[in-house]
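Just so you know, we're using the UniProt record's numbering here: the sequence shown kicks off at 1 and counts up by one.
Hints listed in this document are in silico derivations from the structure and should not be mistaken for laboratory results. You may find that some hints are simply not true.
Stated by the list, open to error - Below, a list of computed lysine to aspartate or glutamate pairs in the EDC-like style, where the Cα atoms sit at most 16 Å apart:
{"no.": "1", "residue 1": "48", "residue 2": "8"}
{"no.": "2", "residue 1": "72", "residue 2": "55"}
{"no.": "3", "residue 1": "161", "residue 2": "139"}
{"no.": "4", "residue 1": "161", "residue 2": "149"}
{"no.": "5", "residue 1": "148", "residue 2": "162"}
{"no.": "6", "residue 1": "48", "residue 2": "139"}
{"no.": "7", "residue 1": "190", "residue 2": "123"}
{"no.": "8", "residue 1": "48", "residue 2": "62"}
{"no.": "9", "residue 1": "161", "residue 2": "147"}
{"no.": "10", "residue 1": "161", "residue 2": "211"}
{"no.": "11", "residue 1": "72", "residue 2": "58"}
{"no.": "12", "residue 1": "48", "residue 2": "58"}
{"no.": "13", "residue 1": "148", "residue 2": "211"}
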Amino acid sequence: MQLVGMLDSPYVRRVAISLHSLNLAFEHLPLSVFRNMGEFSEINPLIKAPTLVCDTGEVLMDSTLILSYIDKLAESPEDNPADSTQDNPLDNLLDSPVDNLLDSPGSNSMSKTQPLMPQTISDYASALRLIGLGLHACDKTVQLIYEKDLRPVDKQHQPWKDRVLTQLTAAYDALEASAAETSDWLVGSKLTQADITACVAWQFTLFAMPDVIAAGRYPALAALSRRAEALSAFRQAPLEENWQPAK
1 MQLVGMLDSP
11 YVRRVAISLH
21 SLNLAFEHLP
31 LSVFRNMGEF
41 SEINPLIKAP
51 TLVCDTGEVL
61 MDSTLILSYI
71 DKLAESPEDN
81 PADSTQDNPL
91 DNLLDSPVDN
101 LLDSPGSNSM
111 SKTQPLMPQT
121 ISDYASALRL
131 IGLGLHACDK
141 TVQLIYEKDL
151 RPVDKQHQPW
161 KDRVLTQLTA
171 AYDALEASAA
181 ETSDWLVGSK
191 LTQADITACV
201 AWQFTLFAMP
211 DVIAAGRYPA
221 LAALSRRAEA
231 LSAFRQAPLE
241 ENWQPAK
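Turn these sequences into a full structure, and let the hints guide you.
The following block contains the structure:
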């Protein structure tokens, strides 16, 4: 498989982390939808990141659809060769007092082929809600980036920016409330897509728009992010070269 797109996109990064977490072999092609339009369009004429080229030759796009596909792959180990060169994605956490406090006996017991979505319907619904919040935070951060970096100053509309920021803050308020309710992962004792998406969104916002969110308002979410970013699957998919997660 080939994953196409830059890891500074939260949508690409959550797919990369998920692939590492599921121990699925893939090649990462770090093509930019802006700087590498020609090369990208040869793979996907829509120039949309992430794009996944399946071993069958099928070309998929949209991170949620791609994640649905790779979860199915994880359920069918005969259809995908495991990448034996990768570390266990849920290996021991880095030596950090905060991380160790948040660790639990079941945190590293996830099977290499266990899907990242919970199996019970109630937990599945909880995960979907949290994923929706994380994706909303990603979307609103992107809107603020486009407003700030791509739209001329005289064309920017402050009421619109205020509205988007209110929506972004509401997403992180809800994620913080959920993270504060547990000392474990967001949905149970094992890493799920809810954790991946929430933590990727959090680091993306802090990296791309560090001045729009008061990080101190979200201690539980920050702690969850530190724990997640210590995992091998996250470390193998840094937001950019030599990048260090915000604390």
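Against the structure, the hints:
| no. | hint | in the structure |
| --- | --- | --- |
| 1 | 48 / 8 | holds (14 Å) |
| 2 | 72 / 55 | holds (14 Å) |
| 3 | 161 / 139 | holds (13 Å) |
| 4 | 161 / 149 | holds (13 Å) |
| 5 | 148 / 162 | holds (12 Å) |
| 6 | 48 / 139 | holds (15 Å) |
| 7 | 190 / 123 | holds (12 Å) |
| 8 | 48 / 62 | holds (8 Å) |
| 9 | 161 / 147 | holds (8 Å) |
| 10 | 161 / 211 | holds (14 Å) |
| 11 | 72 / 58 | holds (15 Å) |
| 12 | 48 / 58 | holds (15 Å) |
| 13 | 148 / 211 | holds (12 Å) |
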